[in-house]
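Visitor: So the protein lines, in turn, are chains A and B.
Count the first sequence with my numbering and you get residues 1 to 160, in order.
Count the second sequence with my numbering and you get residues 161 to 541, in order.
Treat the hints loosely; a few may be bogus.
Stretches of chain A that chain B covers, calculated by requiring three or more beta carbons in the stretch to come under 8 angstroms of a beta carbon on chain B [to be verified]:
id, stretch
1, 13-24
2, 43-57
3, 120-134
Derived Cβ-Cβ restraints for the label pairs, each shown as a range [what the hints assert, rightly or not]:
id, chain 1, residue 1, chain 2, residue 2, range
4, B, F266, A, T94, 51 to 59 angstroms
5, A, G38, B, T236, 53 to 61 angstroms
6, A, D147, B, G437, 18 to 26 angstroms
Bear in mind the hints are in silico, worked out from the structure with no lab data behind them.
Please read these numbers as outputs of a predicted model, since none were measured by experiment.
We treat Cβ as the ideally placed atom computed from N, Cα and C, and that holds for glycine.
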Amino acid sequence: MDRGNRQVMRPNPLMRLLPALPVILLWASPALAFQEHGPPEGLYIHQLAHICLALSMIGLWYGIRSSRFRKDQGWQRMAIGAALLTVWNIMTFTGHILSLYTMPAMRQNNGVPAWMELTWHILKLDNIVCVAAMLYFYAGLKRLLQDTHHAAEEREQKNA
Amino acid sequence: MTASVTLPLHIVIIDLAGSVAMIIISLLCLITARALSRSEPDNFMYGYLVWLFAALFAFSLSRSAGHILKHLLVFTNHRACWEKISPISGSINTATFLAIASFTLFFHTMRRIMARSIRDKERIKKISQELLNLNQNTEAIVSERTRAELALNVAHEIRNPVMVIGGLARRMLKNNLTEEEREQRLKAILEQADRLNSIVKKFETIKGDLTWAFTRNELTRLVEDAIEVMRQEAEEKGITLKYVKRNGPLYVEGNAYLLKMSVLHCIRNGIEASMPGQEIEISTERTDIGALIRIEDHGIGIPQNMLKDIFVPFFGTKGKSSGLGLSVVKQIVEEHGGTIDITSTEGKGTVVEISLPSQLGITKTWKSRNDQDRENTKGKP
Numbered sequence: 001m002d003r004g005n006r007q008v009m010r011p012n013p014l015m016r017l018l019p020a021l022p023v024i025l026l027w028a029s030p031a032l033a034f035q036e037h038g039p040p041e042g043l044y045i046h047q048l049a050h051i052c053l054a055l056s057m058i059g060l061w062y063g064i065r066s067s068r069f070r071k072d073q074g075w076q077r078m079a080i081g082a083a084l085l086t087v088w089n090i091m092t093f094t095g096h097i098l099s100l101y102t103m104p105a106m107r108q109n110n111g112v113p114a115w116m117e118l119t120w121h122i123l124k125l126d127n128i129v130c131v132a133a134m135l136y137f138y139a140g141l142k143r144l145l146q147d148t149h150h151a152a153e154e155r156e157q158k159n160a
Numbered sequence: 161m162t163a164s165v166t167l168p169l170h171i172v173i174i175d176l177a178g179s180v181a182m183i184i185i186s187l188l189c190l191i192t193a194r195a196l197s198r199s200e201p202d203n204f205m206y207g208y209l210v211w212l213f214a215a216l217f218a219f220s221l222s223r224s225a226g227h228i229l230k231h232l233l234v235f236t237n238h239r240a241c242w243e244k245i246s247p248i249s250g251s252i253n254t255a256t257f258l259a260i261a262s263f264t265l266f267f268h269t270m271r272r273i274m275a276r277s278i279r280d281k282e283r284i285k286k287i288s289q290e291l292l293n294l295n296q297n298t299e300a301i302v303s304e305r306t307r308a309e310l311a312l313n314v315a316h317e318i319r320n321p322v323m324v325i326g327g328l329a330r331r332m333l334k335n336n337l338t339e340e341e342r343e344q345r346l347k348a349i350l351e352q353a354d355r356l357n358s359i360v361k362k363f364e365t366i367k368g369d370l371t372w373a374f375t376r377n378e379l380t381r382l383v384e385d386a387i388e389v390m391r392q393e394a395e396e397k398g399i400t401l402k403y404v405k406r407n408g409p410l411y412v413e414g415n416a417y418l419l420k421m422s423v424l425h426c427i428r429n430g431i432e433a434s435m436p437g438q439e440i441e442i443s444t445e446r447t448d449i450g451a452l453i454r455i456e457d458h459g460i461g462i463p464q465n466m467l468k469d470i471f472v473p474f475f476g477t478k479g480k481s482s483g484l485g486l487s488v489v490k491q492i493v494e495e496h497g498g499t500i501d502i503t504s505t506e507g508k509g510t511v512v513e514i515s516l517p518s519q520l521g522i523t524k525t526w527k528s529r530n531d532q533d534r535e536n537t538k539g540k541p
């Protein structure tokens, strides 16, 4: 064996701290059994949920558009509903940030610019988009139900 | 923070009207999705829609009711009360968003699995159809070749004796033969007749003995398997296959494959004779000697003049058929010591009854209804 090629194993510096870890953990003060959940966490999780919902609606829209469902008028309307709900998510996500962080800070300092006030007012009309999304969903469902009934009637006529 | 900002009236009106509309429309969506799911309970996508709109309804109720309540409480100067309710409404909204995201992720996975299974199902259906066509073609080719081979063999084997008999007979017609010569020729004719007789016996023994391959089989399972094989073909024609298992389990001695093929052939005949919307009832029951399989269709039936020849080889009621089907079925059933009866009324339907013994040899004294009828009518004009 060529001794010259052998590498000298040096311990990782972090490994040297390993024996001290129990001491650090036990000396931590205040030592609490469970983590506290303060007020901003609620907003963070709500905003994360908005992102999840938006992504899932994009997924639904893409799923419909990229499959055989795209030929059905019912599913086409469902895809529009999903797209509108994504828009609503973006509106509310932005609205929450403006309402809770950006605008209060601006009001305290130099005042809120007119364009931001206008944007905020438009975002406050999110219900229009949300209701439109739900209307498209409803129209899509009605159409799917009609198609199902027609298919059942055709089967019955064929069998008669 | 935002509570201190007074919203313009049009935003308040849109918010309130939108909140009410959201509750109503989401409820309608949930009801429609439920109706859709009930119309096709096996459709997993409709199941997903029920969950999606249930979550959206919960969200609408929590959010919109919250918005309406907020306006009422703030207007009646109960802002503190609203500030206690607000986090609950917001938390429900968050939970519903995450629930919708989870359902949709599940939906995507299921959609991919379903798409793959639909593709596989279609491929299997196509292969099955190709196999069926291949089987029918093979059956037709084998039938035609068997017929030709049989005819050639018969012609080859009987040509010599017949020619010899013919020659001897022609010589005997000449009157210038002595008594001794005549006797010699008659003996030669008898020899050739014996040869012909042995050829006929040889053809009779061509049919082999299959009993060495017989095992004990559960008949109802064989019938169920045969029905499952034929179900797709029946459904495509709009025909329902109904199985009535009157007793069970029923054990018979025989070859499972041949028995299944026999039942399958009878069901296929029933399907070909039936109209869309009709039902074919297949039943099995215990009898004194073993088991009875009954296949009843309500199709076009078989004309009475054809019924007597239904088991004759190469006889067919269908133009393109090889005509081997029912004769082979009869042969298989008889090899199993059983009997097959067919009764049919033109325009009303056909009933096929296959009676099989639980053990071979048990039916030596058993006679089928057709045999009994034949015996009863024997001697009658």
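Visitor: Now tell me, hint by hint, if it's right for this structure.
Guide: Okay, the hints, checked on the actual structure:
Counting residues of the stretch 13-24 of chain A whose CB lies closer than 8 angstroms to any CB of chain B gives 0, which falls below the minimum of 3, so the coverage claim is violated. Only residues whose C-beta sits within less than 8 angstroms of a C-beta in chain B count toward coverage, and the stretch 43-57 of chain A has 9 of them, enough to reach three; the restraint holds. Against chain B, the stretch 120-134 of chain A contributes 8 residues with a C-beta closer than 8 angstroms to a partner C-beta. That satisfies the three-residue criterion, and the hint holds. The hinted range of 51 to 59 angstroms is not satisfied by F266 of chain B and T94 of chain A, whose Cβ atoms lie roughly 29 angstroms apart.
Remark: the range hint 53 to 61 angstroms for G38 of chain A to T236 of chain B is contradicted by a beta-carbon distance near 31 angstroms. The hint said 18 to 26 angstroms for the Cβ distance between D147 of chain A and G437 of chain B, and at roughly 22 angstroms that hint holds.
Hint compliance for this structure: hints 1, 4, 5 are not met, and every other hint is.
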